[in-house]
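4 is the number of the first residue of the sequence shown in the working numbering; add one for each residue after it.
It cannot be assumed that every hint is accurate.
Listed next, the in silico DSBU-like pairs over lysine-lysine satisfying Cα-Cα at most 30 Å (straight line) [claimed, not checked]:
hint, residue 1, residue 2
1, Lys190, Lys141
2, Lys6, Lys214
3, Lys114, Lys44
4, Lys111, Lys251
5, Lys114, Lys214
6, Lys251, Lys139
7, Lys251, Lys141
8, Lys190, Lys111
9, Lys190, Lys247
10, Lys214, Lys44
11, Lys143, Lys251
12, Lys111, Lys6
13, Lys139, Lys6
14, Lys44, Lys141
15, Lys6, Lys44
What the hints contain is simulated information worked out from the structure, not anything from laboratory work. Fair warning: this is a prediction, and the values are worked out from it, not measured in the lab.
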Amino acid sequence: MEKYIVSIIQGIVEGLTEFLPVSSTGHLILTGELLGFTGNKAETFEIVIQLGAILAVAILYWRRVFGLLDWRKGFKAEGGLFAKGQLNLIHIFIAIFPAMLMGLLLHKVIKTYLFSSSTVLIGLVIGGLFMIYAEKRKTKETAIELDQITYKQAFLIGLSQILALWPGFSRSGATIAGGLLVGTNHKTAAEFSFIIAIPMMVAASGYDLLKSYQFLSVNDIGFFVVGFIVSFIVAWLAVVSFLKLLQKIKLTPFAIYRFILAALFWFFILRG
Numbered sequence: 004m005e006k007y008i009v010s011i012i013q014g015i016v017e018g019l020t021e022f023l024p025v026s027s028t029g030h031l032i033l034t035g036e037l038l039g040f041t042g043n044k045a046e047t048f049e050i051v052i053q054l055g056a057i058l059a060v061a062i063l064y065w066r067r068v069f070g071l072l073d074w075r076k077g078f079k080a081e082g083g084l085f086a087k088g089q090l091n092l093i094h095i096f097i098a099i100f101p102a103m104l105m106g107l108l109l110h111k112v113i114k115t116y117l118f119s120s121s122t123v124l125i126g127l128v129i130g131g132l133f134m135i136y137a138e139k140r141k142t143k144e145t146a147i148e149l150d151q152i153t154y155k156q157a158f159l160i161g162l163s164q165i166l167a168l169w170p171g172f173s174r175s176g177a178t179i180a181g182g183l184l185v186g187t188n189h190k191t192a193a194e195f196s197f198i199i200a201i202p203m204m205v206a207a208s209g210y211d212l213l214k215s216y217q218f219l220s221v222n223d224i225g226f227f228v229v230g231f232i233v234s235f236i237v238a239w240l241a242v243v244s245f246l247k248l249l250q251k252i253k254l255t256p257f258a259i260y261r262f263i264l265a266a267l268f269w270f271f272i273l274r275g
């Protein structure tokens, strides 16, 4: 029964934090430390529940996702895979390519040296500072909806996503802040972040799962399924609520939360 409680807690943490600018990876590492749930099986479990969160956003944005993949419209100027004047597959590719490339090149280094409580706390603080900087230095809004995002903006947002390879920095935080710095509004930056998260996280999670599937066993099926379902449900609710909240309070309160979390964890856990 205890392991199912851990599964539910981690599923809630993943669902709540995956698409919020607070770092799901960082939260899973920190809560894993508190729950005593660490090691290879814990890492594999985190990959599985991430897929639950991905599924939630994929379903929420299914019309947009299927629109991007509508091969029947081909290369026509209006609609289709590479249509101009609207979000298309080129935007997605150039936004995910930089971080995917760096992730592949640095995968071993990241997994070996950066997945620890102390590095997460550093990521939480620096990521929070980046978010506040973006709020202060955001440029004139030229993209107030997804179809107004340019290729240049998509690429620059993709470059900012590289920062999220550091656990604790937050992929969502990096991309939303990057969007503000290149001329998107908060809602557009968040929605673009959600959409590029689908291929990005499927690729990253799939790669990690191929390397760690041997840690799965038949006895763990129920444990993993519970975490997956909880993550899916909570992520669905979190995404819907976050868009409304972000437009009201912006990024700074999330940055302050990150600072408080890092300080509390350092003072009560690491310092002790």
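Going through the hints against the structure:
no., hint, verdict
1, Lys190 x Lys141, "holds (14 Å)"
2, Lys6 x Lys214, "holds (23 Å)"
3, Lys114 x Lys44, "holds (14 Å)"
4, Lys111 x Lys251, "violated (39 Å)"
5, Lys114 x Lys214, "holds (12 Å)"
6, Lys251 x Lys139, "holds (16 Å)"
7, Lys251 x Lys141, "holds (16 Å)"
8, Lys190 x Lys111, "violated (34 Å)"
9, Lys190 x Lys247, "holds (8 Å)"
10, Lys214 x Lys44, "holds (12 Å)"
11, Lys143 x Lys251, "holds (18 Å)"
12, Lys111 x Lys6, "holds (29 Å)"
13, Lys139 x Lys6, "violated (44 Å)"
14, Lys44 x Lys141, "violated (41 Å)"
15, Lys6 x Lys44, "holds (12 Å)"
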